[in-house]
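Q: These are the residues of each chain, in order.
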Amino acid sequence: MAMSLAFHIVFAALGIGMPLLMALAEGMYLRTGRPVYLELAKRWAKGTAILFAVGAVSGTVLSFELGLLWPEFMAQAGAIIGIPFSLEGFAFFTEAIFLGVYLYGWDRISPRAHWVSGVVVAVSGVASGIFVVMTNAWMNAPTGFKLVAGKFSDIDPVAAMLNPASFHEVLHMTLAALVATGFMVAAVHAFYLLSDRDNVFHRSALGIALALACISIPLQLISGDLSAQATSRLQPAKLAAMEAHYRTETEAPLLIGGLPNDAAKKTEYALSIPGGLSFLAHHDFDAKVTGLEEFPRDQWPDVRIVHASFDIMVGAGMAMFAVAVWAGCLWWRHRRLPDHKWLLRALVTAGPLGFVAIETGWMVTEIGRQPWIIYGVMRTVDAVTPMRGLIVPFSVFTVLYIFLAIIVVFLLRRQFIETTLPKRKNPEEVADA
Amino acid sequence: MLELVVGIFIVLSLVLYALMGGADFGGGMWDLLAYGQRAGKQRKIIADAIGPIWEANHVWVILVIVLLFTGFPRAFAAMMISLHIPIAIMLVGIVLRGSAFVFRKYDSKDDAVQRRWSTVFGVASFFTPFFQGVTLGALTTGRIRVIDGVVKTGFFAGWLTPFALACGVFALVLFAFLAAVYLTNDTKGEPSLREDFRKRAIVSGLILGPVALVVFLASKDGAPEMYRGLTQWWSPVLLVWTSVCAVVALMALYLRRYALSRIAAVAQVSLILIGWSAAQYPNLITPDVTITNAAAPAITLRLLIMALGLGAIVLLPSLIYLFTIFKRDKRG
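Heads up: the protein sequence lines correspond to chains D and V, in order.
My numbering applies: residue 17 is where the first sequence begins, and numbers increase by one.
My numbering applies: residue 167 is where the second sequence begins, and numbers increase by one.
Okay, chain D solo, but in the shape it has when bound:
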């Protein structure tokens, strides 16, 4: 399950980001009438088609796996979290319909109708992401039911959807999808520009992708701050594990890196910033931050993994932010597409960082919630299927996914290599590029 999710989350994120880029490019074409944007929209649409298909099938697998692997969780929680899943189903349905219209309808409907269907794909992609993340948020902050003798009663699915973790998780994940897609696409086009600086196609592509990336990353830092504060309120044990913070103290230091040692209840070899954690969690350098020691030992998540993942996520985010600031400054100074050689190289390097951050961030929220599957309500071990020999389907799906990932990368590369259209800029376009 974890593996399927780790795989699916990449496609889901691209499934949110790519349609947006595609619709933006076509919108630019409708505004400016420059064919390069049309070519770009078509090329990105091909990428979207491949990713969406794989995202759709891996999402199907997930909807079944919820039951195949966590039957007890679904039996108990299905009635509560089924509603956002149903809404997600409809959003996904809409996305599939209009992606069909978009991909196969270039010469069958008017340009405007075509663009609108692209926008519908982008909007429903975002909507389905929102509903799914709401479900995950509920697992972190379960609300909307009463627990009587181990059974849920008086359930209220609407309250469950609007649980206190929903807002910040949804915001953080949606922005993450945009950031990751923006940087990934920017990296691809930056890579080709390094050897072919004047290629109009890649220049226009980089412009749009970079704009998306540079606008979303600072917003993401703000939403990360919101998330940290909410977590300190809702799941202090998770926050403590993220920060490898064992002892409750005021003026708590922020620990970066280091080796958390559960037995000694301290983190060795870490870079320590005095008062930093208090400030991050409560915006007050002197505030008291709850440490892991307050919780029974059997309710600790794996501190090492959670702390390391968290640091990697934040590190990746900061690195992307730095690149974005650099690109922004260059653009500000020269008022044209920043194409400095070193910036392009940095962009290529930063390409995968968004996905690194998504994967590690997801590990933080999932592993940080352990041993619970529903925080404070149901333990993961109680939810798992009684099926023996789970290693067999697990290995089959792992092999299948690795195979799919390789093919997808290979095919996407083909789409970009087949750049046919204008290799060189024509003079008038140099002027307004």
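No lab work stands behind these hints, which were simulated from the structure alone.
All C-beta atoms in this analysis are idealised placements derived from N, C-alpha and C, irrespective of residue type, glycine included.
Hints are supplied without guarantee of correctness; some may be wrong.
[Said to hold, decoys possible] Which residues of chain V face chain D? A few of them, derived with a C-beta cut under 8 Å, are:
hint, residue
1, Y272
2, V410
3, C411
4, P463
5, Y487
Once you have looked at the hints, place chain V on chain D.
A: Only chain V this time, still in chain D's reference frame:
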């Protein structure tokens, strides 16, 4: 009452999945079985027919699953435990079918590469519906016992019985027949291709009869509750109508009245699934899990029905839009 409404929606989604998604699997089968000098053309028309719509068609099965685990979470959990194996195999098929189809479209147009993807696409199109049929069949065998919400009969009960396997074969032939009928309607301007698919439709339609009989006979021992359901007062009516549709579809194909054959085939498939659900009612997993004892609390069901209404308002016009764009002019 509420659970019945949700149940009806599930059956409806199942019917739509069979009519649309099922036919796409059938298309994959004919892709694999394409032969003769027009094999390439046959493959192309199949790809053109299912390309724009298969993803939307596929979502119906996701809808079935989501409705099931929201409306009847206990039943969903029990199904996923007891039928873990056939469902997992079916999922592998779903993954391979969809990705192979898309990969084929965007990969090199080189013959060897295309043929490799075609094979994956075709083979997966065969075994996915087979296991869907097996899974549905297994639910009615009465071999899967669930006591106090706990599955008592392990992971092999039900789905390895002759009845369930016969259901798998039935699903396979049914989808192949349906796809061939649709394809005769999609090949208006190309008489020779049309003849190819007409032949395939007639052959698969003729095979369907005996297979249906085997399923019916196997149900006497293999799924006694189902057999009882199928021999109630209303079932002769339904059976007669299903047979009438089957005969009309075949006659229409014989007489080259393609539009009529499509209508009859659609009615036939719908009646089969509706009859199956009616015979199964009120069981979800015969005999222990019913739509009453597995239903979610009323508030969830009510919200679910509201969500369905809302979804229908958005989806139905969109779907109609999709189909009118791609099924008008060129094909009809």
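Q: All hints, please: hold or fail.
A: Hints, one by one, checked against the model:
A distance limit of 8 Å between C-beta atoms decides the matter here; for V/Y272 the minimum to chain D is near 5 Å, and the interface restraint holds. For V/V410, the interface hint is violated, since its Cβ never comes within 8 Å of a Cβ in chain D; the closest pair sits about 33 Å apart. Residue-level restraint check for V/C411 is violated (minimum Cβ-Cβ distance to chain D is 28 Å; threshold 8 Å). For V/P463, the interface hint holds, the least distance from its beta-carbon to any beta-carbon of chain D being 6 Å, beneath 8 Å.
With its C-beta approaching chain D no nearer than about 7 Å, V/Y487 sits inside the 8 Å limit, and its interface hint holds.
Checked against the numbered hints given earlier, the structure breaks hints 2, 3 and satisfies all the rest.
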